[in-house]
Amino acid sequence: EDKVVQSPLSLVVHEGDTVTLNCSYEVTNFRSLLWYKQEKKAPTFLFMLTSSGIEKKSGRLSSILDKKELSSILNITATQTGDSAIYLCAGTPNNDMRFGAGTRLTVKP
Amino acid sequence: NAGVTQTPKFQVLKTGQSMTLQCAQDMNHEYMSWYRQDPGMGLRLIHYSVGAGITDQGEVPNGYNVSRSTTEDFPLRLLSAAPSQTSVYFCASSSTSGGGYTQYFGPGTRLTVL
Numbered sequence: 001e002d003k004v005v006q007s008p009l010s011l012v013v014h015e016g017d018t019v020t021l022n023c024s025y026e027v028t029n030f031r032s033l034l035w036y037k038q039e040k041k042a043p044t045f046l047f048m049l050t051s052s053g054i055e056k057k058s059g060r061l062s063s064i065l066d067k068k069e070l071s072s073i074l075n076i077t078a079t080q081t082g083d084s085a086i087y088l089c090a091g092t093p094n095n096d097m098r099f100g101a102g103t104r105l106t107v108k109p
Numbered sequence: 001n002a003g004v005t006q007t008p009k010f011q012v013l014k015t016g017q018s019m020t021l022q023c024a025q026d027m028n029h030e031y032m033s034w035y036r037q038d039p040g041m042g043l044r045l046i047h048y049s050v051g052a053g054i055t056d057q058g059e060v061p062n063g064y065n066v067s068r069s070t071t072e073d074f075p076l077r078l079l080s081a082a083p084s085q086t087s088v089y090f091c092a093s094s095s096t097s098g099g100g101y102t103q104y105f106g107p108g109t110r111l112t113v114l
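Each protein sequence line maps, in turn, to chains A and B. The first sequence begins at 1 in the numbering used here and counts up by one. The second sequence begins at 1 in the numbering used here and counts up by one.
Warning: the hint list may mix true and false statements.
Stated by the list, open to error - Capping the alpha-carbon separation at 27 Å, the derived lysine-lysine pairs in BS3-like fashion look like this:
#	chain 1	residue 1	chain 2	residue 2
1	B	K9	A	K108
2	B	K9	A	K41
3	B	K9	A	K40
4	A	K41	A	K67
5	A	K68	A	K56
6	A	K37	B	K9
7	A	K68	A	K37
Simulated from the structure, these hints should not be mistaken for lab results.
Using the sequences and the accompanying hints, generate a full structural model.
Listed below in structure tokens is the structure:
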């Protein structure tokens, strides 16, 4: 059975801290791993990772995939209160998608 | 561009009623999908479509039907609503054109089945 697990489930940090969110997957016919940010409404797409070891970066956010370890991390540097959200990852077996339960990040001023 | 639009935003149904959740996108994306989101369970894929006339089941398809007669529209039909279908439903569209990947979600429909 396809499965995506995220850790930690929740995290509280202070502004300026660096955080690392984890995502591990067991997905048959794996094609890609995706990261999303969800605030109060719909998820927003962040990254799609298909190749192992190649970092994707957008501002203070970066992510990398490790196909050998079946995992991915999402790093956020110099966190701001606006980074407070649920971060979701999803693995794609073919055109299907399997989401993790998410990591709730709270950034305190 | 309006992006991905969903209607209605809120809906209350009685058990056994049927209804259609509407989803439309104006970005000419080939891939469209429906998800439900329940507390503590992340998002689960219900159905998806890789182009007009082509649909397939996701992780939780039972009790739902879809069709894709045009590139723009991807309605989700609840055949006979059950309380277990109380959830927030998101529609999304995505594309891999231009060598990159983009995906956009609609604002969601909050459905309550009594």
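Going down the list of hints, with the structure as the test:
1. For the given pair, B/K9 sits about 31 Å from A/K108 by alpha-carbon distance, which is inconsistent with the 27 Å threshold.
2. Distance restraint check for B/K9 and A/K41: the Cα-Cα separation of roughly 12 Å lies within the 27 Å cut-off, and the hinted pair is therefore satisfied.
3. For the suggested pair B/K9 and A/K40, the alpha carbons sit about 14 Å apart, so the restraint of at most 27 Å is met.
4. Taking the CA atoms of A/K41 and A/K67, the gap is about 31 Å. The hint is violated against a cut of 27 Å.
5. Using a Cα cut-off of 27 Å, the hinted pair A/K68 and A/K56 holds, with the two alpha carbons roughly 18 Å apart.
6. This hinted pair checks out: A/K37 and B/K9 have alpha carbons roughly 21 Å apart, not beyond 27 Å.
7. Taking the CA atoms of A/K68 and A/K37, the gap is about 25 Å. The hint holds against a cut of 27 Å.
Hints 1, 4, counting from the list given before, are not met by this structure.
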